[in-house]
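Asker: The listed protein sequences correspond, in order, to chains L and Y.
FYI, in the numbering used here the residues of the first sequence are 1 to 430.
FYI, in the numbering used here the residues of the second sequence are 431 to 706.
The hints are simulated quantities; they were obtained by calculation from the structure and are not laboratory data.
A hint or two may mislead.
[What the hints assert, rightly or not] Label pairs and their calculated CB-CB ranges:
1) L:R225 with Y:N521: 40 to 46 angstroms
2) Y:A562 with L:G185: 53 to 59 angstroms
3) L:P189 with Y:N521: 54 to 60 angstroms
4) L:R225 with Y:H649: 49 to 55 angstroms
5) Y:D565 with L:T130: 47 to 53 angstroms
6) L:L291 with Y:Q535: 32 to 38 angstroms
7) L:R317 with Y:G641: 32 to 38 angstroms
8) L:Q398 with Y:Q535: 54 to 60 angstroms
9) L:T204 with Y:N609: 56 to 62 angstroms
Don't be surprised by glycine CBs; every beta carbon is placed ideally from N, CA and C.
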Amino acid sequence: MSKVDGLPPAVEEELTESAALEAELAVAPALVANSLGDYLRGSFARVRGGESGVLPVVGGLILISILFQWLNSNFLTSRNLVNLLIQGSPIMLLAMAQVYALLLGEIDLSIGFVSGIGGIVTAELVKQSTGWPWWAAILVALIVCAFIGAVQGTIITRLGLPSFVVTLAGFLGLQGVMLLILGNGGSVPINDKVINDLASGNLTPTASWIVLLLVVAAFGIRTWRREEGRRASGLVAPPRSLTLVKIGAALAAAVAIALICNADRGTLVPIRGLPWVVLIVLGVLAMWTLLLGRTKFGRYVYAIGGNAEAARRAGVRLATVRTVAFTLCSFTAGVAGIVYASRLRSVSTALDGGTLVLYAVAAAVIGGASLFGGRGKAIHAVLGGLVIAAIANGMGLQGYSAAAEKVVTALVLLAAVAIDAVARRGRTAR
Amino acid sequence: MTTEVTSTLPPAGVPAGGAGGALLSLRGISKHFGPVQALVDVTFDVPAGQVTALIGDNGAGKSVLIKCISGIHSPDDGEIVWDGKPVHIKNPLDASSLGIETVHQDLALCDNLDIVQNMFLGRERVQHFALAEEDMEKAAGETLTGLAVTTVRSIRQPVASLSGGQRQSVAIAKAVLWNSKLVIMDEPTAALGVAQTAMVLALVRRLADRGLAVIIVSHNMNDVFEVADRVAVLRLGRTVAVRPAAELDRQIVVDLMTTGVSTRAVTPPDGKGVSS
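Using the sequences provided together with the hints, build the complete structure.
Answerer: Dropping the structure here:
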């Protein structure tokens, strides 16, 4: 019956061999490594092959820290590091918002002013004359932001307009709305304690330890269970030593954060403890990582970014998934806006949504998300946001002007994209 | 293997008349787009367990015909009989619920997703709102092993890193994963090298040997004679011949494709399948 099964053995062998050679580079190191050494060698081959993951941005962060610490010994003090986390949190959150748009291969230019609207709604609702409780104000602000995203997403998907133009209209329109509410040069102060504490409040040192250790425990148990399960059912899984190293690294990071945050960083009165805002960023990071990595919706977002036509043929409802992604994008921007307003204890017309959104795009791209869709994670946004915050903070510490800071940020952005592009070229030229 | 339909094959253009072996029977399918008559009274059978090659010159109506079967177009006239019952295939969903899967020429794979993710795209298995990754990985691995697609080193590697033949194999495995009964392939070897082509044709053969019906659309005469059990030749929207591959050779097929008739006799089988 079969006519081609009798392929000459030489050809078959060649097939297998050439295929294996081609496949070698692209295989995730965790999938083929049997020992930690193998894994490290595999990782190195992967970085060279252009599949670098978070390694370059983590390396960049370490480099930047060493450089600034060398220039100014105040950089790595606990006071400055905590300050850096608080300063960077709005950008990290905005970058996580932008990741949704970038994953689809789209862009959302409006999120800077969407976050402004989130801040204004919160501030207006908790101010004396309105007097809403803080939680209701936050809830309404987030709903308003999500609604803005849903409207923009619907226009983009149902009318088939480019996201660039629709969100540019959102950018301009929402800026107008903001000016309208605030009045020319006006501002709304925030006096609600809880809302101000979002960015400037801290847990007690004991609570900080408990919370951080709980986070590590949750991460560790999840990772261990999942990878043990995979090993038990004979599926490809990283070596057990790697699982332990991962959990160990998370524990070390948590201990470091706890020590840094629990050191006294006050000047007049002692200030200790983990800032609330770190928990907000971690919470959003965990939510979006699970949503994008472990659910159908997340899978479809990646599929649409990779090949929208293939997703459509597979029965994915493109318009719905896209609209929901834009909604979540604006929702996350709302969280960023509330944190931003909380840090400044007010919302004013000085809020520059244009710069914010471009920094958010830069952060996501520096972190490793692709502008062309289909590649990127929430963690990339957080790491990229940290890089941008570190540059701003370090340059400020050195007394450089805002102009110099922008130039350096620009160079880092260019370098990140160039490294990524060169690495990818190395990968495709096989 | 199933019944030997090839030996009792009726002459070209005549309905099979309830031949028990045909999984899919097309009876007098016609389709026009405005004034252009794309298909005229197309009639042929697709038996299970065999590879049916659909060939024809450019514009002969091959693509329109497979689009009618896979639910992208609906025919203006004629009848599609599936497993002995007449059916109306209105959209691709109808086709896949009958067990018809189409592997398009562009494969429709997401480069950024891995093999498992691609194979289950749109039909992911879910457990408590989370994707059941292990479950899907096992099923995908079993399907690939069943089809003897073993050159892939890890089913968790992104599709972007695969060779052309491997990509084609993944697309075919994706079609087979859903217990499909008929797999339609549009030019599966068009973009492949010699070794990759052999790999994909071997896979096509295995599908038929497993009892699936396969329709393969091809321009490449070598492929057709390598793998097909039956050949249906379209010319200007009409079926000019539906015959067992053994009763045809390259030259006859070229005659049929270009003029619609051939008066030649079959050359001895040893001349078959040799290039040029």
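Asker: Next, verify each hint and record whether it holds.
Answerer: Tested hints:
{"no.": "1", "hint": "L:R225 with Y:N521: 40 to 46 angstroms", "verdict": "holds, 42 angstroms"}
{"no.": "2", "hint": "Y:A562 with L:G185: 53 to 59 angstroms", "verdict": "holds, 56 angstroms"}
{"no.": "3", "hint": "L:P189 with Y:N521: 54 to 60 angstroms", "verdict": "holds, 58 angstroms"}
{"no.": "4", "hint": "L:R225 with Y:H649: 49 to 55 angstroms", "verdict": "holds, 52 angstroms"}
{"no.": "5", "hint": "Y:D565 with L:T130: 47 to 53 angstroms", "verdict": "holds, 51 angstroms"}
{"no.": "6", "hint": "L:L291 with Y:Q535: 32 to 38 angstroms", "verdict": "holds, 34 angstroms"}
{"no.": "7", "hint": "L:R317 with Y:G641: 32 to 38 angstroms", "verdict": "holds, 34 angstroms"}
{"no.": "8", "hint": "L:Q398 with Y:Q535: 54 to 60 angstroms", "verdict": "holds, 58 angstroms"}
{"no.": "9", "hint": "L:T204 with Y:N609: 56 to 62 angstroms", "verdict": "holds, 59 angstroms"}
Of the numbered hints stated above, none is contradicted by the structure.
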